[in-house]
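Visitor: One-letter residues, chain by chain:
Protein chains: 2
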Amino acid sequence: MISMAVIRRLPKYHRYLAELIRNDIDRISSKELSEKIGFTASQIRQDFNCFGDFGQQGYGYNVRELYNEISRILGLNTEYSTVIVGAGNIGQAIANYTRFEKQGFFIKGIFDKNPKLVGLKIRDIEVKDVEELEDFLKNNKIDIGIISVPREQAQKVANIFVKSGIKAIWNFAPIDLEVPDDVIVENVHLSESLLTLTYRLNEANLFAKNKQK
Amino acid sequence: MISMAVIRRLPKYHRYLAELIRNDIDRISSKELSEKIGFTASQIRQDFNCFGDFGQQGYGYNVRELYNEISRILGLNTEYSTVIVGAGNIGQAIANYTRFEKQGFFIKGIFDKNPKLVGLKIRDIEVKDVEELEDFLKNNKIDIGIISVPREQAQKVANIFVKSGIKAIWNFAPIDLEVPDDVIVENVHLSESLLTLTYRLNEANLFAKNKQK
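Residue numbers (the UniProt record's numbering), protein chains in the order written: chain A, 1 to 213; chain B, 1 to 213.
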């Protein structure tokens, strides 16, 4: 099994390689890539070695090939059906973010329990009542369930996803979901990200005060 | 200096303690907290020890005191002025997210270069032309700059923030910003989070195929 640390670096490689392609760069050494991306060259070589034998020592990597290979490793050579539950601010922002569609993520349904939102159209997809979610999932093969409801409702939505056989959940609710081992959860906890920022902003301050005590 | 790993756990402690308070729990041992939060009890004690001497061995932690202390450590005992640059999907979602205001984050300005968005009101704040950003920052003390523009414009916005003395940037653009050492950047890279999910969804598959080779 590949470690989560390596896995989390892969999308970053993918992003940098996309940039190299946009800049018409055909070939890059691990050293040059290292300068751009900020990981050491040996780290980069080790990471890539986890996935097999691409890139020839001394000649550098063929950018396009490496990009395609990492795309494949990231599972981007296929399409994904998604549903969004929670059509509030974040749910709508994700639904409206057309870039995901270009990467192969297609929104098949958007659900909310708020009658004011049910019936609303977001990019031609009508928001359905969350009561219909379970039936919808019976009749549609969905790969990724996206949760953007308030904290209190998130576990309930996750339970419906799990029961319906969804194996991947992208969770924006500020809660750690309880799911079986074969279900993957990836969290985006915005508040925690923001609090990390304020902590670091105050850190100098904090320890100066502690010293004075 | 406290390690980033510890720092990233703090908001999670904060969130769990808030939940304990909502559930009227006054006192909790590191062992009980460990069962809830999923870190080991010794990890929890070590983390808290970084910040001084709270919690009495054997008696457990006073939940409210611990919550207040971690709030203080996270810098939540103060208010923050923010500006959002980029009034697209993500920018609007953040601007509309009232929970941040309750935590002390106040949006003082929203900027965009799209004439269709300039003049739009988001919760009583009128979107201004990004051309006015630099002047605005001269006349207003802003603590946190939020970047939610497309990749191509993000570094330019960061440069204006840096030049204006902003020391903390919350960056949603899919790019690693270059800033001086005394400026803190916290990234929310949604695409990378999503690709981590698809990687993990495909991992079993991927290695099965590799073996067949």
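It is possible that some hints are incorrect.
Copies of the same chain look alike in the list, so a pair counts if it works inside one copy or between any two.
Derived DMTMM-like pairs (lysine to aspartate or glutamate); straight-line CA-CA distance at most 25 Å [to be verified]:
#1 102 - 35
#2 116 - 79
#3 108 - 35
#4 12 - 186
#5 116 - 186
#6 163 - 203
#7 163 - 135
In case anyone wonders, no lab produced these hints; they're calculated from the structure.
Visitor: Checked against the structure, which of the hints given earlier come out wrong?
Guide: Of the numbered hints, 1, 2, 3 and 5 do not hold.
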